[in-house]
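Enquirer: Start from the sequences and build out the full structure, keeping to the hints where you can.
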Amino acid sequence: DTGVSQNPRHKITKRGQNVTFRCDPISEHNRLYWYRQTLGQGPEFLTYFQNEAQLEKSRLLSDRFSAERPKGSFSTLEIQRTEQGDSAMYLCASSLGTGQETQYFGPGTRLLVL
Amino acid sequence: GQNIDQPTEMTATEGAIVQINCTYQTSGFNGLFWYQQHAGEAPTFLSYNVLDGLEEKGRFSSFLSRSKGYSYLLLKELQMKDSASYLCAGAGGSYIPTFGRGTSLIVHP
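Residue numbers (the numbering used here), protein chains in the order written: chain W, 1 to 114; chain B, 115 to 223.
Heads up, some of the hints might be wrong.
Keeping only pairs whose Cα atoms sit at most 25 Å apart, straight-line, the calculated SDA-like set for lysine to any residue is [stated by the list, open to error]:
| no. | chain 1 | residue 1 | chain 2 | residue 2 |
| --- | --- | --- | --- | --- |
| 1 | W | K57 | B | T158 |
| 2 | B | K195 | W | G40 |
| 3 | W | K57 | B | N144 |
| 4 | B | K195 | W | T38 |
| 5 | W | K14 | B | G154 |
| 6 | B | K195 | W | M89 |
| 7 | B | K171 | W | G3 |
| 8 | W | K57 | B | S141 |
| 9 | W | K11 | B | E155 |
| 10 | W | K57 | B | R215 |
| 11 | B | K195 | W | R110 |
| 12 | W | K57 | B | T140 |
| 13 | B | K195 | W | T102 |
| 14 | B | K182 | W | T102 |
| 15 | W | K11 | B | H152 |
| 16 | W | K57 | B | S208 |
| 17 | W | K57 | B | F159 |
| 18 | B | K195 | W | R9 |
| 19 | B | K195 | W | G3 |
| 20 | W | K11 | B | G154 |
| 21 | B | K171 | W | T98 |
Some but not every residue of chain W turned toward chain B, in silico, with C-beta under 7 Å [to be verified]:
| no. | residue |
| --- | --- |
| 22 | Q41 |
| 23 | G42 |
| 24 | P43 |
| 25 | F45 |
| 26 | E101 |
| 27 | T102 |
| 28 | F105 |
| 29 | P107 |
| 30 | G108 |
Just so you know, these hints were derived from the structure itself, not from any lab.
Since the structure is predicted, the reported quantities are computational estimates derived from the model, not experimental observations.
In this text, a Cβ means the ideal position worked out from N, Cα and C, and glycines have one as well.
Expert: Following this line, the structure appears as C-alpha cells:
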C-alpha cells in the first residue's frame, strides 16, 4: 500500500505531556499538510510543507505546536504541554505540488488528552 | 480567506437522487473540491472543479458557478454505503483547501 500513513493511530495522554505524531506521505508527493478535525467539523488547516520548507502556518497553530519535515519526506507534528482542548483527530495529507492540488489523506491520529 | 456554507444534514432514500449544495466566499479562488468522509475514517477525494459547469464521474457529478459562488454535488442511484459526510472545500491562492463543516447524508431503505 503506497498511500499516506500515520502513526500512531490513537494516542491517550495526560494534560501537560508532550506528544509527537508521524506522517509518511505518498512517495512522489512534494506537498504535505497537517489538519485538525473535531467532531461535527470539517478539517481545519494547521500547516503545510513544500518539500522540506514550511511555507504556511495557520493562526490555529499555537507556539505549543511544531512541525518538521527534515528531509522532505516524512513529517512530525509535536504538541507540547498538551491541553484537553487539543483532543481531536490529526490528519495528514499529501499532494503532488504541481498546481491543482488534490490531497490524499492518511487515516489520522486520534488524540485524547485526559 | 474562504467562507464555506453547506447544509448540516440531509436524508434520502436508497435508489434516489440527492443534491448537496455549497456556497462559498473566497479571495483568490483556485477551484472547489468535494470529499467524502465515512465516520471515523479519513476524507477521500471525489471531485475538483475550477471551471464553470458540470463534471460527471459515474454516479457522482459536481457543478460549479464561479459568478454565483455556488457548487453542488449530485449523487444518483443512492446506495446505503453512500451514507457519509460530504465536505465542500474551496481552494485559495496557495491551493490549500478550506473545508466546510460537512453535510451528513443518511441513506435509508
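Enquirer: Would you mind marking each hint as holding or not holding in the structure?
Expert: To see whether the hints hold, each was checked on the structure:
1. The suggested pairing of W:K57 with B:T158 holds, with an alpha-carbon distance near 23 Å, which does not exceed 25 Å.
2. As the CA atoms of B:K195 and W:G40 are separated by approximately 19 Å, the hinted pair is consistent with the 25 Å bound.
3. Our distance criterion of 25 Å between C-alpha atoms is met by W:K57 and B:N144, whose separation comes to about 19 Å.
4. Only pairs whose Cα atoms come within 25 Å are accepted, and B:K195 paired with W:T38 is accepted, the gap being roughly 23 Å.
5. Note on W:K14 and B:G154: the hinted pairing holds, with a Cα-Cα distance of about 23 Å set against a maximum of 25 Å.
6. For the hint pairing B:K195 with W:M89, the CA-to-CA distance comes to about 23 Å; that is within 25 Å, so the pair holds.
7. Straight-line distance between C-alpha atoms of B:K171 and W:G3 comes to about 22 Å, which keeps the hinted pair within the 25 Å bound.
8. For the suggested pair W:K57 and B:S141, the alpha carbons sit about 18 Å apart, so the restraint of at most 25 Å is met.
9. For the suggested pair W:K11 and B:E155, the alpha carbons sit about 16 Å apart, so the restraint of at most 25 Å is met.
10. For the given pair, W:K57 sits about 21 Å from B:R215 by alpha-carbon distance, which is consistent with the 25 Å threshold.
11. Note on B:K195 and W:R110: the hinted pairing holds, with a Cα-Cα distance of about 24 Å set against a maximum of 25 Å.
12. For the hint linking W:K57 to B:T140, the alpha-carbon distance of about 19 Å falls within 25 Å, and the restraint holds.
13. The hinted pair formed by B:K195 and W:T102 meets the criterion: a straight-line CA distance of about 23 Å does not exceed 25 Å.
14. A C-alpha spacing of about 23 Å is found between B:K182 and W:T102, which places the hinted pair at or below 25 Å, so the restraint holds.
15. With a CA separation close to 21 Å, the supplied pair W:K11 and B:H152 stays within the 25 Å bound.
16. About 12 Å separates the Cα atoms of W:K57 and B:S208, which keeps this hinted pair within 25 Å; it holds.
17. With a C-alpha separation of about 23 Å, the suggested pair W:K57 and B:F159 falls inside the 25 Å cut-off, and the hint holds.
18. Between B:K195 and W:R9 the alpha-carbon distance is near 24 Å, which keeps this suggested pair within the 25 Å criterion.
19. Between the alpha carbons of B:K195 and W:G3 the distance comes to roughly 22 Å, so the proposed pair stays at or under 25 Å and holds.
20. Note on W:K11 and B:G154: the hinted pairing holds, with a Cα-Cα distance of about 15 Å set against a maximum of 25 Å.
21. Distance hint between B:K171 and W:T98 is fulfilled; the C-alpha atoms sit about 23 Å from each other, no more than 25 Å.
22. Taking 7 Å as the C-beta contact cut-off toward chain B, the hint placing W:Q41 at the interface holds, the least distance being around 6 Å.
23. Here the hint on W:G42 is kept, as its CB sits about 3 Å from the closest CB of chain B, short of 7 Å.
24. Here the hint on W:P43 is kept, as its CB sits about 5 Å from the closest CB of chain B, short of 7 Å.
25. Of the supplied interface hints, the one on W:F45 holds, with its beta-carbon coming within about 6 Å of a beta-carbon of chain B, less than 7 Å.
26. Interface restraint check for W:E101: the shortest CB-CB distance to chain B comes to about 4 Å, inside 7 Å, so the restraint holds.
27. Annotation: interface hint on W:T102 holds; nearest CB of chain B at approximately 5 Å, less than 7 Å.
28. The restraint placing W:F105 at the interface with chain B holds, with a minimum CB-CB distance near 4 Å, inside the 7 Å limit.
29. The interface hint given for W:P107 is met, as the beta carbon of that residue sits about 5 Å from the closest beta carbon of chain B, less than 7 Å.
30. This hint holds: W:G108 has a C-beta 6 Å from the nearest C-beta of chain B, less than the 7 Å allowed.
The structure shown violates none of the earlier numbered hints.
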